[in-house]
Every structure is written in C-alpha cells, then in structure tokens.
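Student: Protein chains in written order, with numbering that gives the first Met the number 0: chain A, 0 to 349; chain B, 0 to 349; chain C, 0 to 349.
In case anyone wonders, no lab produced these hints; they're calculated from the structure.
No residue lacks a Cβ here, since even glycine has one placed at the ideal position from N, Cα and C.
Zero decoy hints are in this set.
Stretch by stretch, here's where chain A covers chain B in the computed footprint (C-beta under 8 Å, at least three residues):
1. 30 to 41
2. 209 to 219
For lysine-lysine, the following DSBU-like pairs were computed, each having C-alpha atoms within a straight-line distance of at most 30 Å:
3. C:333 with B:333
4. A:333 with C:347
5. B:333 with A:347
6. C:319 with A:319
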Amino acid sequence: MSVGIEHTYTLGEIVARLGGELLGDTQLQIDQVAALETARPRNISFFATTRLKRQLDATQAGAVILNQENREATQKPRIISNNPSAYFAKVAALLNPFEPAIAGIHPTAVIEPDAVIAASASIGPFVHIGRGARIGERVKIGAGCSIGDQVAIGEDTLLYPRVVIYQQCQLGARVILHSGAVIGADGFGLAHEEGRWLKIPQIGRVLIGDDVEIGANTTIDRGALEDTVIEEGVKLDNLIQVAHNVHIGAHSAMAGCVGIAGSARIGRNCTVGGAGMILGHLQIADNVSVSSGTLITKSITKPGAYTSAMPFSSHEQWLKNAAHLRHLDSMADKIRHLEQKIAELERKKS
Amino acid sequence: MSVGIEHTYTLGEIVARLGGELLGDTQLQIDQVAALETARPRNISFFATTRLKRQLDATQAGAVILNQENREATQKPRIISNNPSAYFAKVAALLNPFEPAIAGIHPTAVIEPDAVIAASASIGPFVHIGRGARIGERVKIGAGCSIGDQVAIGEDTLLYPRVVIYQQCQLGARVILHSGAVIGADGFGLAHEEGRWLKIPQIGRVLIGDDVEIGANTTIDRGALEDTVIEEGVKLDNLIQVAHNVHIGAHSAMAGCVGIAGSARIGRNCTVGGAGMILGHLQIADNVSVSSGTLITKSITKPGAYTSAMPFSSHEQWLKNAAHLRHLDSMADKIRHLEQKIAELERKKS
Amino acid sequence: MSVGIEHTYTLGEIVARLGGELLGDTQLQIDQVAALETARPRNISFFATTRLKRQLDATQAGAVILNQENREATQKPRIISNNPSAYFAKVAALLNPFEPAIAGIHPTAVIEPDAVIAASASIGPFVHIGRGARIGERVKIGAGCSIGDQVAIGEDTLLYPRVVIYQQCQLGARVILHSGAVIGADGFGLAHEEGRWLKIPQIGRVLIGDDVEIGANTTIDRGALEDTVIEEGVKLDNLIQVAHNVHIGAHSAMAGCVGIAGSARIGRNCTVGGAGMILGHLQIADNVSVSSGTLITKSITKPGAYTSAMPFSSHEQWLKNAAHLRHLDSMADKIRHLEQKIAELERKKS
Chain A
0 MSVGIEHTYT LGEIVARLGG ELLGDTQLQI DQVAALETAR PRNISFFATT
50 RLKRQLDATQ AGAVILNQEN REATQKPRII SNNPSAYFAK VAALLNPFEP
100 AIAGIHPTAV IEPDAVIAAS ASIGPFVHIG RGARIGERVK IGAGCSIGDQ
150 VAIGEDTLLY PRVVIYQQCQ LGARVILHSG AVIGADGFGL AHEEGRWLKI
200 PQIGRVLIGD DVEIGANTTI DRGALEDTVI EEGVKLDNLI QVAHNVHIGA
250 HSAMAGCVGI AGSARIGRNC TVGGAGMILG HLQIADNVSV SSGTLITKSI
300 TKPGAYTSAM PFSSHEQWLK NAAHLRHLDS MADKIRHLEQ KIAELERKKS
Chain B
0 MSVGIEHTYT LGEIVARLGG ELLGDTQLQI DQVAALETAR PRNISFFATT
50 RLKRQLDATQ AGAVILNQEN REATQKPRII SNNPSAYFAK VAALLNPFEP
100 AIAGIHPTAV IEPDAVIAAS ASIGPFVHIG RGARIGERVK IGAGCSIGDQ
150 VAIGEDTLLY PRVVIYQQCQ LGARVILHSG AVIGADGFGL AHEEGRWLKI
200 PQIGRVLIGD DVEIGANTTI DRGALEDTVI EEGVKLDNLI QVAHNVHIGA
250 HSAMAGCVGI AGSARIGRNC TVGGAGMILG HLQIADNVSV SSGTLITKSI
300 TKPGAYTSAM PFSSHEQWLK NAAHLRHLDS MADKIRHLEQ KIAELERKKS
Chain C
0 MSVGIEHTYT LGEIVARLGG ELLGDTQLQI DQVAALETAR PRNISFFATT
50 RLKRQLDATQ AGAVILNQEN REATQKPRII SNNPSAYFAK VAALLNPFEP
100 AIAGIHPTAV IEPDAVIAAS ASIGPFVHIG RGARIGERVK IGAGCSIGDQ
150 VAIGEDTLLY PRVVIYQQCQ LGARVILHSG AVIGADGFGL AHEEGRWLKI
200 PQIGRVLIGD DVEIGANTTI DRGALEDTVI EEGVKLDNLI QVAHNVHIGA
250 HSAMAGCVGI AGSARIGRNC TVGGAGMILG HLQIADNVSV SSGTLITKSI
300 TKPGAYTSAM PFSSHEQWLK NAAHLRHLDS MADKIRHLEQ KIAELERKKS
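With the rest of the complex left out, here is chain A (with noise of 0.2 Å):
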C-alpha cells in the first residue's frame, strides 16, 4: 500500500467537510480507508452488501461507512451515508490527495515557438510541446509527453508520463490521462484502388471533455473529416481503442480492452464491460450495458442491458457442442422434418 505522506482527520473532521450522519466517537483518528478484511485500527472501511455481514463482524477498522438500512449492523464508530461507495470515494481522496505539481518547466523540456503554457503549470523533463499550444493552469504534464502543435489544455488536467496527444486535439479541465495513451492519431481511413490502399488524410480532431479519465495505452483517433467526441465525465479504462469519428456520451464508462469501431455513437450513462465491441456506424441509446466480451453489431434504441457471450466449459463438453453449433441450421431442418412428420402421423390416427 500507499507509502506518501500521511493525512490524518478525525471522524468528526471527515463528516463536517463531507457530510452524512456520525454514530460514535468523533475524535477517532483515521489515517487511510481500507478493505474490511484488512483494515486496521485507524482505517475507515466501508459496509455495501450484506453478503459481506461476516467480514463485518470481523473487522479491525476503526470505523465503518454504511447506509441507513444497516446502521445498526455495527456498534463501531460509524458514518450514515445514502450512498456509501461514493462516500467512502470521497474519504478516500480526502486521506490521498493528489500531489501538488510543483509549477514550472523542466530544463530539459522543449517547448516550440508561439506555444502558452500557464505559469501555475508544471512541465516534466523530457516534453515536447509544439507550437501554438495552450496549456492551462495547474496543468501537470509527466515525463517525455508529447504534446502536438496547436493542442489544447484545460486547466487541472494530468498527464502522466508519455502521453503523445497529436495536433490540434483538445482537452477539457480536470482530465486524467495514464501513460502511454495516444490521442489523435490518424484515423483507420482507406480507399481501394486497383489492389492496393489509399489512405484518406484524417483531418478531424479529438475533442475530450471535463473531467475524462482515459486508461494506460488506450487509443483514441482523431476524426476523418467530422471530430472524435469524449464527453465530460467518461471514464475509459486502459488497452480500448475508439476509433475515429466515434462519439461517447457523457458518463459512459468502459472497462479494458473494449474496442469502439468508426463512426460509432454510443448515448450518455452506458457501460461496456471489459472486451465489449461495438462495430462502426452504429447508434447505442442512453442507459445501455454491454456485458464484458459481447459484439453488438446491430444500433440498439432501448436501455438495458446486451450480452452475446458464448458459454464457457470443459474442453470436451465444448468440443462436443461445438460440433452441433456447426449443424444448427441441419439441427432445425430435423426438427421441421420431425413436426411434419408427426403432424401426418396425428392426421392418420384421426
């Protein structure tokens, strides 16, 4: 775990700057959250499922988060929340917050002619900004980044080392982007002639909203002629590949290794699970989930949740169901060819 400077607040601190109800002591020091399983004297844990009633019981936390329906289910110092994951979130980033950037640029960074960069900003050693970008206040840019020309960034957003962002892409306030993420690289645009493959220059952009998160060698490509979109508050986790002219809702959150083909445009408040993918051109309505290794290839215009996951088991048992996937359609020709069958056998009983 966490080895930085310790921040320690009392029960009664952490509810007057976040809220809730306080049962307990509210001198109780806590230095850091934890698991129940886990968690020591001054950790805070939290309580979200009664399946978890065992570990509960067990625990050393110093303190629990749980909701109004369990707050009795402890006698512990405890904190009465509607929602306790969120709360326990909030705590969590009260007793780990990020390090201040120290503001200014490093020696060794190379900042290109006409390019602006806030003085509040702070620029790791080994970046490269082009010209004429913007780089807003309190912006943290980590080590050998890459940032395009004419690219621009909101104010508290943090790069992590090696991010390349191409020209002319453009990112909102508060963004989080982990290392080794590629945003605006050309699009897979193509023409055939003759046998071989033109490319067709991709002359849209990315544009990410407020409050993004893109995970760890993640991929976003710019636009063909039209932007890519990220909406604010979208959070992708690492390996995904969005590819151009793909539009993201705001709040839509996808788990790793999803893949979103061209011209995609997924609604606000979606999920896909980790390896979902979604072919191009299609239109996925508000409030969707796609379960994790599902292929949507059709637009789906309802909320709810999507799966097309095909049914793990031994080798032997799929290797014998395997073979009938095969037949199916012969599978249902015996079928008709049986009810036919009956059918005549029940015409000449009558």
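Given chain A's structure and the hints, the job is docking chains B and C onto it.
Tutor: Quick look at chains B and C alone, frame taken from chain A:
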C-alpha cells in the same frame, strides 16, 4: 477540423492533376474535403451510395465526386470518376499535404556511433538512434522515438512520437508508424522445464515493406529464428498484436484490436475486422475476409468471408439461450431419440 | 536473422556446459540455432515431433537435439536430451547472450534526489528516475523509461525503452519489461453518484516477482486498496490488461491480448490463450488452461482445459446458424412439444 495551412485548388486544377471528367465551373475554388452533410460551399464531397441521395440533394458542398452511373444525380459542379472514394482520397491528400519535415537533427537527440542519417532526414527531440542504424532520405522521426542498433529505415518513412524499433529491424519506404507502436520486441517464445518457463532467445527480425501503415500502440514481435514479415502496402490499425514469425501478405488490412498468433501466414489482400483473432501456425489464403470478433481456429484455403460471432440479445433472452448452448449435445440426443421413436411409430403404422 | 556478434561453441563444449548425451563429432563448430528447414551446416536444430521426420531427413543442420526415443532418427552428430525444446532454449541462450550493459548513467538522464542506483546499473538516455527509487545491480534501463518515486527494481532486471513504472511499485530480480509496458497505473475504480463517476484513489501497488517477463504495451494496474501481485516466473505476452488487485500465481503464462478483470485470482502454472478474458473477482485453480478467445465467467476449481469459442464458418453458413442461435430457446420448446406429442401418440397406440 484541421486548422492547418489552407491549400486551395480550382476544380480545373484538381482534374488536371488527378484526371476524371469535369462537369461545371472549372474556376470553382475548393479548399477542403467534407462529408455531404457538413460540407460548405468551398468544399468538395463525394457520393458513393444511392442511400445518401437525400444528403446529396441537401448538401452545401460546392462540388461533388460521383461515378458515371450517377453523373446526373446532381447538377452541381462535379467530377465523374469510376472510383469516387479513391478520387476523394486523392483530393484530400492534395488539400492536406504532409508538412515537409525540417531537415536536421534536434540538438537534444542522441545518435550513437556509426549511425548513418541522411542529410534530408528530420530527427526530433529526445530521439535515441542506436549504433549502425541507417536512416533514409526525408525520413521524419518524431519526439522520443527509440531506434535500435542496426535498424534500417527507408526513405520518406514517418515515425510519430514515441515509436520504438528494436535492434536490426528493417522498414521500407513511405512507411507510417503511429505513436506507441513497438516493432521487434521479443516473441513469446518459451520452453517448459520442471514447472518453469525458459526464455528462448528471439533472433529473427521484423521486416516491413514499402507503404505499410501501422497504428498507435500496435506491437509486432521479432521472429524466433526466422523473420516476421509485413509485406508492402499492409495497413494495420491500432492496438493490434502480431506475434513472432507471422507473415502478412501484401495489401492486407486489419482493423483495431486484432491478434495474429505466432507463425500464422496471412495471404495477400486479406482483411480482418476489429478484434478478429487468428490462431498460430495457420495458413490463410489470399482474398480472405475475416469478420469482426471472429476467431479463426483452422487454416482457410478458399477466398471468401468467414465469421464466428455469437449474436447478441437482451441479457434476459441471452440467459435463456445460453442455458441451451451449454446443452446442445443433449438437445441433439433428444432429436435423435425423437427420430427413432417416429420411425418406430411409422413402422408399426404400416 | 540476428547480425550480432557471433558466439561459437563445439558440440563437446555445449554438452560439457548443458549436459545431455553426445553422439558424433565433438569438435563440430556450432554458431547458431535454427529450424530444421532453414538450418545451415554450422547450426544446431531440434526434433520434437515425428510429424517433422521429413524435415529431419532433409535438414542441412550440422547437429540435432533429440529425445531418447528418437536417438536413431538421424545419423548426424546429435545431442540426446529428455527435453529437446528446453535444451534448445539453453543452447540458443548460450549462442545469443544478452549484451552486457555498460554500467553508468547517461548524461541526459534525470535522477531525482534520494534515488539509489547501483554502480553496475546502466541508465539510458532520457530516463527519468523519481525520488527515493532504488535500482539494483546490473539493472539496465532503456531510453526514455520513466521510473516513479520510491520504485524498487531488483538486480539484473532489464527494461527496454519507454517503459513506465508508477510510484512505489516493486520489481524482482531478472525481470524483463518490454517497450511500452505500463506498470502501476490507476485501477479502474469508480463509485457512482447522481449520474456521475467519482474516482476512488488507487493506493495499492504492483508487486512483480523474480524472473517475470512482460510484453510490449502490456498494462498492469496498481491495486485499489491492497496490491496487485504477479508472482515469480510469470510470463505475459504483449497488449495484456491486468486490472487492479489481480493476483497471478507463479509460472503462469498468458498470450497476447488477454484481459484479467479486477480482483481475479489466477492460480499457479495456469495458461491463458490469446484474447482469453477472465472476469472480475473469480478464482481460478492451479493448472488451469484457458483456450484462446475464451471468456471465463465463473470461478474454476478444477485443473483442466476450458473453452468457449464459437466455431467459425463461411459467412453464409454463419448467417443461417446465427439465426438459430437467437432462437435456441424456441428450438428447445419445439423439441419438448414434439416429445409430448410422441408420448401421446405412443399412449394412444398402446
């Protein structure tokens, strides 16, 4: 959209350079390509499918590219071409030329002894070039790239920032590598001995032909004993994994998140849709098209389209179907049983 | 193939170092390993499967490694080993040793205060090493790597160019990290509140054991509260996503494009084929083998092979089968209905 330097051509100049038949005002100024829906009067658009007739009728585009069959579908100034999308790609390239690299080596770059760099090449900041590497004419290497010992890069090749090329790999002319691509890392070569894995040194290289384009964060491993080969004109999208000893034939194209396992041999003019996977040691014929999300588990000897995706449905519907998927074998048994019974009934009948 | 410095050994020297029984000329000079088909007279090859008998008969290899059973399958100079592929791996390592790193810190590297770097370590150009990091003996860090604050790296570990390690993570001895790997980025930890996602600070670390190898552009996220753990001898290929709090047991190996979701616990000596996916919070027993393209949705308690892949077919055939896949439930209903009717017919009959 792009805010680069504007390039403007008249329709007459465009046809003089790129061919095609011009109907209408030869003096019309065109400064950018655009989609039918968003085009403005100084833009040129293209009409490829009659599905978009309504958009064609409503477009603000100054001019349109169409095929012979649709030559009267609009009365706007227009260019008739037998391949409108390829023509559009060429106009787009004309109006959005690559910025010529400024020749020279950035003072922060580190060049090891015996590397040979053409005078017209452009080497960006924080680039590291290994011993004995050869960099061709007009090559452009973006910020933070790492070029291994004895690597050879052909003329007019373009590396975006933060590409890594391991030792001894060879790139042809006019290759484009996007940021985060890793060429020539060790293949996944292991031998098993007493419960442990022994690393098998990977002594092959990666050879990349002319006019290849490779997407952001795509990885192409070096060969184990022989070389991994990407033939000319191949186009690979982002986040693709190409394992050791793979051979991809000329002018094949693969969309994002594809994986090609070791020693697979893919033919010429193949396409693989997003997240398609091809297992190791398979042979795929020329002109094969693998659908998105499809897992290829056997060699393919005939051209054509191949698919394995499981259709998606609402999660509730899927739960019902998935239960049967696990029991297809017993379903087939039941059908066989029914057939026997009906045969008996029919026998008794007669 | 490799153009490195040549290392040459006689067959006698090889057997003296690596064991095995030598039949034939002990003085034969061997300068490289090769496949049977492409071997030249100074190469040594290996014969593992009788499927390759024809290649064995035709090989130009100077010597061959075989098992006891096949000791007379060729009359060439040969080494008898009970594990020819492991023996081959060892010969390959002997003939292709890692180039010893030149000790020292490149003048362009930036080392923050309180970092401790062994005198025998080699730190490449444009490397950034954070406060309090500890770099062991003979560690080699390639160009452009970024090592976070308080990171610890064990002896003889090798980082290829452009690896990123976030703060506080720990690597064992003899670890190999390929280019673009990102170790310790934030896990995808979010709480939902009023339609928005709150980030949960990720305060765990990544702990990587001895002799682990991690492929290009693979990402391993730090733990949310506890640590993400990769035990000794684990081998991960390229473009793999390992989410927060995952635990991978010793000597497990995973091929390219695999995804392991949060808090999954994978046993020892497991293998996962390319693009296999394991959902979150699952427990996978030791000695489990997950097939390529397989999605694991439930915990696995027994060793063995598990598969879920949908078999591929021509697209036309697939279209027919896919239609039935969507209606398996009604197909099952029809079968039930037929069974009832037949039972009725049989009842009437008797």
